[in-house]
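Order-wise, the sequence lines are chains A and B.
Its first residue numbered 1, the first sequence is counted upward by one per residue in this note's numbering.
Its first residue numbered 1001, the second sequence is counted upward by one per residue in this note's numbering.
Treat each hint with caution, since some may be false.
Straight-line C-alpha distance at most 20 Å; calculated DMTMM-like pairs for lysine to aspartate or glutamate [said to hold, decoys possible]:
1. A:K71 x A:D31
2. B:K1071 x B:D1030
3. A:K42 x B:D1038
4. A:K42 x B:E1024
5. A:K5 x B:E1024
6. A:K5 x B:D1038
7. A:K5 x A:E95
8. B:K1057 x A:E95
9. B:K1083 x B:D1059
10. A:K15 x A:D53
Chain B stretches covered by chain A per the calculated footprint, using a threshold of three residues with CB under 8 Å from any CB of chain A [what the hints assert, rightly or not]:
11. 1010-1021
12. 1073-1080
Since the hints were made in silico from the structure, they are not lab data.
Values in this document were obtained by computation on a predicted structure and should not be read as measured data.
For glycine and all other residues, C-beta sits at the position ideal for the given N, C-alpha and C.
Spelled out from the first residue to the last, the chains are:
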Amino acid sequence: QQQVKQSPQSLIVQKGGISIINCAYENTAFDYFPWYQQFPGKGPALLIAIRPDVSEKKEGRFTISFNKSAKQFSLHIMDSQPGDSATYFCAARGEAGNKLTFGGGTRVLVKP
Amino acid sequence: DGGITQSPKYLFRKEGQNVTLSCEQNLNHDAMYWYRQDPGQGLRLIYYSQIVNDFQKGDIAEGYSVSREKKESFPLTVTSAQKNPTAFYLCASSPWDRVGGDGYTFGSGTRLTVV
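Just chain A, same shape as in the assembly:
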């Protein structure tokens, strides 16, 4: 049972372009939506996060857009750089404590 659906599975973008990754969720009790970045052979690390009372959050070149009525949120990577090549996971926090449910991941490749 996948409660957070992420798309696309993979993405190729030219340097300087915009990478867009989308996530959809079903559980309206989710109250916190982080994005994680993972480089090969490493554990994921928190990139940026948003709460459902906010429609957009920007940190540097990374922006989360959140649509509560559609139960969707997305990550935009502006001016993509080769160093952004990684796997990105969206996640959502449910009712029980601090447990996160992760999406399936998106492998992003930024070509120079």
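Please arrange chain B on chain A, whose structure you already have, making use of the hints.
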């Protein structure tokens, strides 16, 4: 420095063998988690623990076992009952309370291969 340490980095298991993956944290986090990562399937939760001497099954607990005898440690045993154990295993820790962000810290993972 505070962090979470997984060992070993690479592990090879023979058919029918049990193996144990180590996870230690010095972040004073209450909660610890084990995830399995397979290509194209994201992070799937195996077990999690909110507090010492208590743990809960995640989505794919069959063939795995855990213990939480100390706050700092949450070892995962991959038993012979797990028929397809080859994967990348990630341990994480976090506060259990919901104040602030999720505060998840991940280890660098253990890659397990059946030989």
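Hints, one by one, checked against the model:
1. A:K71 x A:D31: Satisfied, since the Cα-Cα distance of roughly 12 Å is no more than 20 Å.
2. B:K1071 x B:D1030: 7 Å, holds
3. A:K42 x B:D1038: Holds - the C-alpha atoms of D1038 (chain B) and K42 (chain A) are around 14 Å apart, at most 20 Å.
4. A:K42 x B:E1024: The hint holds at about 16 Å.
5. A:K5 x B:E1024: 31 Å, violated
6. A:K5 x B:D1038: Roughly 16 Å between the alpha carbons, so the hint for K5 (chain A) and D1038 (chain B) holds.
7. A:K5 x A:E95: 18 Å, holds
8. B:K1057 x A:E95: Holds: K1057 (chain B) and E95 (chain A) sit about 16 Å apart, inside 20 Å.
9. B:K1083 x B:D1059: 16 Å, holds
10. A:K15 x A:D53: 33 Å, violated
11. 1010-1021: violated (count 0)
12. 1073-1080: violated (count 0)
This entry does not satisfy hints 5, 10, 11, 12, going by the numbered hints stated previously.
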